[in-house]
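Residue numbers (the numbering used here), protein chains in the order written: chain E, 1 to 308; chain V, 309 to 939.
Rather than coming from a laboratory, the hints here were simulated on the basis of the structure. Please read these numbers as outputs of a predicted model, since none were measured by experiment. All residues carry an ideal CB built from backbone N, CA and C; glycine is no exception. Incorrect hints may appear among the rest.
To be verified - If you want the ones that stay clear, here's a sample from chain E, every Cβ over 12 Å from chain V, calculated:
#: 1; residue: 24
#: 2; residue: 31
#: 3; residue: 137
#: 4; residue: 148
#: 5; residue: 150
#: 6; residue: 151
#: 7; residue: 236
#: 8; residue: 241
#: 9; residue: 250
To be verified - Cross-link-like lysine-lysine pairs, in silico, DSS-like; alpha carbons within 30 Å at most:
#: 10; chain 1: E; residue 1: 306; chain 2: V; residue 2: 921
#: 11; chain 1: V; residue 1: 921; chain 2: V; residue 2: 874
#: 12; chain 1: V; residue 1: 363; chain 2: V; residue 2: 489
#: 13; chain 1: V; residue 1: 496; chain 2: E; residue 2: 306
#: 14; chain 1: E; residue 1: 306; chain 2: V; residue 2: 741
#: 15; chain 1: V; residue 1: 591; chain 2: E; residue 2: 306
#: 16; chain 1: V; residue 1: 591; chain 2: E; residue 2: 83
#: 17; chain 1: E; residue 1: 306; chain 2: V; residue 2: 587
#: 18; chain 1: E; residue 1: 306; chain 2: V; residue 2: 874
#: 19; chain 1: E; residue 1: 6; chain 2: V; residue 2: 754
#: 20; chain 1: V; residue 1: 741; chain 2: E; residue 2: 269
#: 21; chain 1: E; residue 1: 291; chain 2: V; residue 2: 587
#: 22; chain 1: V; residue 1: 741; chain 2: E; residue 2: 83
#: 23; chain 1: V; residue 1: 591; chain 2: E; residue 2: 269
#: 24; chain 1: E; residue 1: 306; chain 2: V; residue 2: 504
To be verified - If you want the ones that stay clear, here's a sample from chain V, every Cβ over 10 Å from chain E, calculated:
#: 25; residue: 402
#: 26; residue: 407
#: 27; residue: 412
#: 28; residue: 419
#: 29; residue: 427
#: 30; residue: 450
#: 31; residue: 602
#: 32; residue: 674
#: 33; residue: 820
#: 34; residue: 848
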Amino acid sequence: MAHNFKNDVTVDWCPGCGDFGILTSISQALSELNLNGNDVVAISGIGCSGKTPHYLNMGGVHTLHGRSIPFATGVKLANPNLKVIVPSGDGDMLGIGAGHFVAEGRRNTGLTLIIYDNEVYGLTKGQAAPTMQLGEQTKSLARPNVFGKVNPITLALSSGYSFVARGFSFDMKQLKDLIKMAVMHDGSAVIDVLQPCPTYNNVNTMEWYRQRVYKLEEEDKNWDPIITPGNENTAEEKFQKAYTKGMEWGDRIPTGVFYDNRAVPSFTKRLNEFVPNYLDYPPSQQIVTGKDGYTPVDPYGTFAEKLI
Amino acid sequence: MDLNVAIGGPQGGGIDTSSNMINRAFAEAGYNVFGVREYHSNIKGRHSYNHLRVKEDRPRSLKYPVDIIVALDADTIFEHLEDVGPGTKIIYDRSFESSDLAQARMIMRDTARRIKETLDAAKFPNTVKGAVDYMKSRGGIPMPIPFNDVVASANAEGPAARYFNTLGSAVTLSISGLDQKFTVEAIKQVFSNKEKVVAENVRVVEAAYRYANENGLAGKPLKTLQKKQRFLITGNDGSAIGKLMGGLRLQTYYPITPASDESTILEEHEEYSFIEAEKNRLKRGGVVVVQTEDEISAVTMAQGAALTGARTSTATSGPGFSLMAEGIGFAGMDEVPLVVTLYQRGGPSTGLPTRNGQSDLLFALNTGHGEFPRIVISSGDVEECIYDAMKALNYAQRYQLPVIHLIDKNLANSTDMVPDIDLKRVQVPQTLKTVPSPDFHRYSLKTETGISEMGILGKDIFWMTGDEHDELGHVTEDTEMRDSQMRKRFMKLETALREIPANDQAVLYGPDKADITFVTWGSQKGPILDVMEDLKQEGISANLLYLKMFMPFPSEFVKKVLEKAKLVIDVESNMLAQAAMVIKLNTGISIEKSILKYNGRHMTEDEILKAAKDIYSGKSKNEIEVLQNGA
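Go ahead and model the full structure; you've got the sequences and the hints to work with.
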């Protein structure tokens, strides 16, 4: 019987919050992948999104503001067999944690980053998030936003993420499928989820998004973002197409998979080239005790060059 | 045999290689060497030197004035004016003599000004010649050597300056009376048997010995001792070795002096080897070392990895440690086994990036907001670094909290000869959990020790949050649960104080009753033990209260020792006497006299001895004696 990823913890998000759609999509995706509660972990940051792990029946760590990515990287590196999903807010990933977001693209460890993109800091009463448009004024702002916005899609592409997608929290069928693809993707994946905040963002509402979103693969029957090993020569062109589509915003907003490069080796595969038996004997699985309860490591052999 | 040597030259000029040659050559002849590296935050050009000491037994401190000073450039002569005393041999190139202080642009402006004042006051010209004459007036014996000519006589390939370091060490060794064969053997080791390089350098060694013989510089032949196998390692090495033995399998770090050497060493040994008895039983594995984007990432990544059951750690220095503050609080709140090796350098801010300091003790005890338990331990010599690193990993696992291991820069960059590493001194308990626990409550309150069963991601289903949490790990703001979880976490400190052996908390060296009771921690341990012997020669008895654990604090033992003491002198490398403040906080006892140093240089035997005698005799009425040795 498939593992039930739902638990009985009371969800305290506002009624009508886009987070519900993400939560349901995550648990459905994991169930459909036939994963167990100890095959997968959720590592979150702070804010409304940060509460997600508590609402899932699986290992979950609700970490510090902005630090979900390095925390999750540590989990994955020490146990590459685990599927690691990172539900975090736009402030978490692209504001306070932006440095980690860029660094993780370079690493390509194999995390599934789910950005709860609602353009506001909800839990602290609606300040502008890094994804809010310049000049936009939501009801909790005293004056229009004086900052420009960061584009999660093009930043993810530039940082080196090998899977970049966008979903909409009110299209759970599509979002669930995107999460399944991202979880099964070997490298690190970013899903930018348009997730209306009904309490503080009265501009980018569910209706506002519904009128604008479209699916890349429906718009263009030949849309093919996948680069398979051996076809690396198509990567540049596909990257450029993804980037161009990533720039589109306003009257029409594309969703779906922008870029899916399966030819870039993940960090864990790169490490495996240097660290002996890394993938099948990772740090979490190693026996560190000798039969007698003392160290099995030989300092004389290991540090032989330091012997005089 | 008790020989102190300072060998200096431009950073990037192979000074380290030089002292490595000297270390290894003496080691071949059965002697023991202890040394410290002093350098600028600079890649090439500024003054760098190694201060080392050779003895039959293991030296544990350094002393001024030195017996030999080797100047591989003009700046070294200027920088070490004051380190010369009666009989100090000064080896330098005669061509340096005309160099003018005003042209020595790599000497820090204020240092140059002080050198000028010294030379002017003593009426010597501001040239190397003047400086050498100044040294001579203090009893130094100039030994000018034509570096270029000697190298030319060796027919070595490439620019002569490439061989100055080999030349400098070879002359030093010849003057010390060490047989040439030992020096040649050292050259082979240093250049890892790279045939051509070895051959060129051996010819330089031969030429140096020849020159010294022909010019009457060669010393009386030194007796050869029984050579025993030893590790030639630094504090950085010691910590890396201990971590690997203690089960570390993942280390994170962001580059910073003087911490990153430890991580680099671990990365170089990512393929470790097993002892014979385990070779067939255990699978070959490796250590993962990750260079992160910053220290915030380093401290959180190590925790993520620890939650999968791996033993993990990170290493940093002051500025990086400041960035880690919030992450360390998470480990305290969420009971994550986390080892942070904190290499202390001179602060605050960027401070003295390559110089010694012990000014992070209070910060280590108070890092992060809110109240949470942690263990703070400190090492005082290279051997301790090995076993303390193993213990730190054990404590982190046993008590599920952040463990901060303090190592000062002086110790990190000390070179010591460790006779052997004891595989059976510290046990290494297994962490691997194979069966998930049913109905798992990560923060169960059913505990007498404060310790609850560790949860392993990938095995158990459990939750964690930086918020206050209930037994399952879910967010709570319930008043009673808050109180219970706070008490549970702090109960672990009482357990740790009870369980950790007394000798790992604080040690009293020397007699129970003494005229002087020194108090110290970190790298002053060796120098003070030597000072105690010096004092004994003069009829003054001394003992040392040596502190190893600051949280939890061995208050009762410290109180017992200090209440009996006649004259207590606290010795630390900081301005505020931080350990004395910790003692006062925990025991109520004030220490009235301190010997402190915060100029960033290593504390030496002679300066501690002088200050202690001044305090003891009443010659000094100061509450604080500030030490100033070191270029």
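| query | Do the alpha carbons of residue 306 of chain E and residue 741 of chain V lie within 30 Å of each other, as the hint requires? | reply | Answer violated: residue 306 of chain E to residue 741 of chain V is near 35 Å, above 30 Å.
| message | Does residue 150 of chain E clear chain V by more than 12 Å, comparing its Cβ with all Cβ atoms of that chain? | response | 17 Å, holds
| Non-interface claim for residue 848 of chain V versus chain E (Cβ beyond 10 Å) | Per Cβ check, residue 848 of chain V is outside 10 Å of chain E; nearest 37 Å; holds.
| 10 Å Cβ clearance of residue 674 of chain V from chain E | 19 Å, holds
| query | Taken at face value, is the distance from the CA of residue 83 of chain E to the CA of residue 591 of chain V at most 30 Å? | reply | 24 Å, holds
| task | For the pair supplied as a hint, residue 291 of chain E and residue 587 of chain V, confirm whether the alpha-carbon distance does not exceed 30 Å. | result | This hinted pair holds, its Cα atoms lying about 11 Å apart.
| field | Restraint status (C-alpha distance of residue 306 of chain E to residue 874 of chain V at most 30 Å) | value | 44 Å, violated
| Beyond 10 Å from chain E, beta-carbon-wise, is residue 407 of chain V? | With a cut-off of 10 Å, residue 407 of chain V remains clear of chain E, as the shortest Cβ separation is near 36 Å.
| field | Exclusion check [residue 450 of chain V not at the chain E interface, CB over 10 Å] | value | Its Cβ never comes within 10 Å of chain E, the nearest being 33 Å, so this holds.
| Is residue 31 of chain E truly not at the interface, in the sense that its beta carbon sits beyond 12 Å from all beta carbons of chain V? | Holds, because the least Cβ-Cβ distance between residue 31 of chain E and chain V comes to about 15 Å, which exceeds 12 Å.
| said: Need the status of pair residue 306 of chain E, residue 587 of chain V: alpha-carbon distance at most 30 Å? | reply: 22 Å, holds
| Can the restraint linking residue 363 of chain V and residue 489 of chain V be considered satisfied, given a maximum Cα separation of 30 Å? | 19 Å, holds
Of the numbered hints given earlier, the model fails hints 10, 14, 18 and 31; all others are met.
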